[in-house]
Amino acid sequence: MLFQKTMLWASGVAFLMLVATLPNQVSGQGGMKPVRNSSAPVSAGEKIFARECGPCHGSKGEGTAAYPRALAGNQSLSQLTNYIARTMPPGAKHLPLVDAKKVAPYIFDAFYSPLAQERNRPARVSLSRLTVPQYRNAVADIVGSFRSTGVPDKGEGLQAQYFKARRFDDRERVLERIDPEVQFDFKTGGPQGGEFDPHQFSIRWNGSIVAPDTGVYEFIVRSEHSVALWINDENKPLIDAWVKSGKDTEFRASLFLVGGRVYPIRFEFSKSTQGVDDTDKKKGKPAPPASVSLAWKRPKQPEEIVPARCLFPAPVPEVFVLTAPFPPDDRSMGYERGNVVSKEWDEATTAAALETADYIVKHRQELAGTVDDKTQLQAFCRKFVERALRRPLDTETAQRYITRQFDISPNTETAVKRVILLTLKSPRFLYRELGVPATALASADPYDTASRLSFALWDTIPDETLLKAAASGALATREQIAQQAERMAADRRAWPKQRDFFFQWLKLDQYPDLAKDLNRFPDFTPAVAADLRTSLDLTLKNVVRSEKSDFRELLLSDKVYLNGRLAKTYGVSLPENAPFQPVDLDPTARAGILTHPYFLAGFAYRATSSPIHRGVVLTRSVMGRVLPPPPAAFTPLAASLHPNLTTRQRVSLQTTPLGCQSCHSTINSLGFTLERFDAIGRLRSAENNQPIDATGSYESKAGQKVKFTGAQDLARYVADSDEAQAAFVEKLFQFVVKQPIRGYGAQALPDLKREFKRSGYNINRLTTQIAVASALPVAPPTDSKGLKRVTQK
Amino acid sequence: MANRNTRRQFIRDLGLSAAALPFLTNLPCLAAPDAKPRRKQRLIVIFSPDGIVPTTFWPDAEGPINAFKESLSPLTPFKDKTLILKGVCDKIRGDGDGHMRGIGCLLTGIELFPGNVQGGSDTPAGWSSGISIDQEIKNYLQASPATRTRFGSLEFGVMVPERADTWTRMSYAGANKPVSPIDDPYQMFGKLYGNLKDRESLKSVLDDLKQDFARVRTRVGAQDRQILDEHATFVREMEQELKSSNQKDVGHPVPVLEPGVHRDNDKMPQLSKMQIDLMVNSFAADFARVATFQYTNSVGQARFRWLDIQEGQHDLSHEPDNNTVAQEKLTRINKWYCEQIAYLAKRLAETPEPGGYGNLLDNTLIVWTNELGQGNSHTLDNIPFALIGGGAGFKMGRSLQYNNVPHNRLLLSIAHGFGHRVTRFGNPDYCGDGPLPKLT
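From first to last, the protein sequence lines are chains A and B. The first sequence maps to residues 3 to 795 in the working numbering. The second sequence maps to residues 373 to 812 in the working numbering.
These aren't lab readings, by the way, just hints derived from the structure by calculation. Predicted model only: the values in this text are computed from it and were never measured.
With a straight-line Cα cutoff of 20 Å, these simulated DMTMM-like cross-link-like pairs (lysine to aspartate or glutamate) come out:
#, chain 1, residue 1, chain 2, residue 2
1, A, Lys283, B, Asp494
2, B, Lys569, B, Asp579
3, A, Lys561, A, Asp539
4, A, Lys709, A, Asp722
5, B, Lys615, A, Glu349
6, B, Lys569, A, Glu415
7, A, Lys238, B, Asp556
8, A, Lys249, B, Glu483
9, A, Lys570, A, Asp586
10, B, Lys582, A, Glu398
11, A, Lys364, B, Glu534
12, B, Lys582, A, Glu349
13, B, Lys569, A, Asp360
14, A, Lys470, A, Glu388
If you anchor each label on the Cβ, the simulated ranges turn out as follows:
#, chain 1, residue 1, chain 2, residue 2, range
15, B, Arg587, A, Arg333, 27 to 37 Å
16, B, Lys615, A, Arg254, 40 to 50 Å
17, A, Pro290, B, Asn775, 40 to 50 Å
18, B, Thr590, A, Gln401, 13 to 23 Å
19, B, Asn567, A, Glu346, 16 to 26 Å
20, A, Pro57, B, Gln595, 24 to 34 Å
21, B, Pro627, A, Glu368, 22 to 32 Å
22, B, Asp753, A, Arg175, 38 to 48 Å
23, A, Asp722, B, Thr590, 47 to 57 Å
24, A, Glu346, B, Lys615, 16 to 26 Å
25, A, Glu368, B, Asn775, 57 to 67 Å
26, B, Arg587, A, Ala74, 29 to 39 Å
27, A, Arg254, B, Arg587, 48 to 58 Å
All C-beta atoms, glycine included, are put in the ideal place defined by N, C-alpha and C.
Build the full structure now, drawing on both the sequences and the hints.
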């Protein structure tokens, strides 16, 4: 696999060169799918193939009577090239190497390589294992199902208790309140709002904290006095600086957290000496200064004080966070999916099973209510296996998974461990669904239906409500399934997955490098860059999770979330410490997320905008068009070589050759519409003393030509475009279901698109309907041309 | 050393006399490269708290040991392998009370940082400002592939309070980096043998797993069978790997721990024995070459009810010399600690050196020490140092009396005994004349 990826990489080198300073936008999926669309030119390789090879091998390498085998294999590109040059066509005279070097990449990418074969295979719903996020969520939720369900209340910040003593004695409590964040400088006095001895007081903050993204979080605690921080572990502090030693006033520790989940947090501070009480000695003497703060570094983000919007005063139970590393999921088709297994993945599941088993054995008193009572532990194990396998157990399974393990183990602890290992290594747990799927709702297994819904909407196992519905026959009709899907889509657990989708859709999931030229943009610090990501996050959440959840609003709204720091950078008047709030930013020029400064800055160079990068995302993600990689390696023309040209003029100059124009006529014409926004996404009217030209155009697949005067024109077109809506529906479907939409019948896309329109382009509604469509049975393909539609709808 | 011509040349360069040769060949860095493989040297530092009773501890004079006083009497079977050092003093001053400096500077030989932990007297302090000798030697041994082990060092404890402060930590990985001892034998067992247990558990479920794969396989369509079959081969490969790794296991019977011994004052004897057994096993398996073993903590307040002593140890240790009842109890307490040392020495002596000559005790140096010279005076003079075993190549079977030498020099001697020829350790002001004389 690795080798093939390398080859693909090589074939995409040209494109990579062009975007060398923006590695993130092309590294992933979809970036360089070598599939041609009808508007792309016929390559030299393709011409050679048609002329020299096609007569025997068939026009698509499918074989002919003369050579009745398809051209498919797993040789590398260079091996294939050499083979052709040495042997093809058969006879005395073979292709010259220079031609072999042209035809081999075409053959390789069009149908020869395993990847190409996979791509050309007719779409079907294939057996899939849990993706890595699904695995992590599933084990967290199985364990969590044995704990109380604590969902954080509304409200932000942490519950704070202030004591006029060095220990947290309720009789000494002076003050109780909610602190939005922890950042205090008490100087030589005590906290405000109560009577404190400046020598001796202590504070305890309690509540919960949400991790927006999956990854390693670094927590940074600062104080001149005793501090200790607990996160997601009631017993073992993440940071224990209760002993003050030397001049250290800053303490750091890192922790892996799964995104979208809420974890318990406790933070304690005490100003006083520890050990033997020396209060009396200090009476009348000046008190030393005191301050305390709680900061973090989210994955790939700069340090910041933990913001109030990520803190909640209500407690939640501990979450089991699996730390075992997994190899990344396949994303070759543009979305993460579980279509392949590998040795590394299998080893990761072993490590993960062991880690989970250790955790459960260690916490069995809490989770099972006993340490060694066999009956209770067996009952616990039965529930564990049922939840992991997402269905009630038949006699044989119960016997194999539970009874037998207890019979053969030397003690109950070992038995529990074996049950967990066997369950988490089992294909019944690891694959989303086993067995030949039903073709009619009447014969569908309601537990399969439940799993399809929960993996689609939440990327995890079904919750209790869903399993109860399955057990009681309440998942038997389309209406019942839709009802459950609606409940789940409205739940807060649906948002993290939706959020991931939008960041992937906009190609911002890999954290674009936002280091800008500080001579030109002195305000654009890492903190501003991080604020921009938060701003986009808030914008997405507030539109998508609103009642209307309107796709068009996402594209047309001129509201941008800004805080004081961003307001200063983008020329809006807000107090310096203002929290994030929706602001009308440049209402005559901006329109929705395609003009959000994070998107614009992410697709730009250090000092200048990049119409090509912006245009590529618009073409591929937003309009759903396919672009082949460029024919050769190009380095962008340096702005310094053409000091009098605008960016638009330079890009036009470089992409003038005919070979470029077949794609760049589309890319540039879309990208140019965003030219009124510079490298940090700030509005501008001139560049190099020339007025900005933000006109552009687009030719649809249907051949319709439209012209744009700028970003707002473009956004209005996208919001109403049939093609853009279809692209959005398809991409969302594949992200949610992790299967190709064509596997669900030829009507799946048009049906969903029609429903989308009928709902007023409601994104939540679409998500729900995608989940329902994926939960309903699909008929197997009936002929080679397409799939027969199931009549359940 | 590689480019020296001969071993003799090297020794001449060091300025060592020919008389030292027979002994020095036992030291790893001086052994001829083509001679038998260099022996495995091991270090165990054992801590017990609150000082000792001088009259029942110290031998009366220098010289060969004929008989021990009461506190040390359990070591009688090992008197030829024991070296008692009197007159070694902890000279480190600065912040922190005697108990804090007593434990915090004991193995580090350097001052505590100023901090916020207030003791019963003196100024408040924090953690030690330097690495401890056990970690220093561990780092030295881990730096060389020939002496590197899986863990390098293991930190054992018995009833160490569940709070991290200056009184509860003696081992330091560096300045402000206290190392927490593990005082739960089950936790230590998990650390030592967890992988092995995991492999056993995995092996035990493989048959069921394979059968389940077979059952599931029949339920999926032909096109989907490919991924399942591929997956099943990984499971079979894991099985083979588990089988082949079996031979490479620890090479000794995995100890079986008495179940259900929880952290409890009255369980100290069982906990102590379990920890010692694990320690000996981990040395036999070569999991580590360095260990520390900490009974309770500085200011330890264990109640020795199994010796029919109801008062806490620390309270007793404050009683004056003329309280003979208290002194007798303290003697019995220290004798109990000494019994633990003797049990450890016995276990080591019973265990043959795997793949080598002699037994584990021949190649292990036990250093039994304490944060105070005596509890009622809180003196840091005459810190008890009882050394047992041949690990550092010291000449054993003797009692030595030094005249008020800083304990940094002893720490240096131990480092040198392990081939780590540092010229200073801890506060350099107390390293003046280098390693202690008369040890070898």
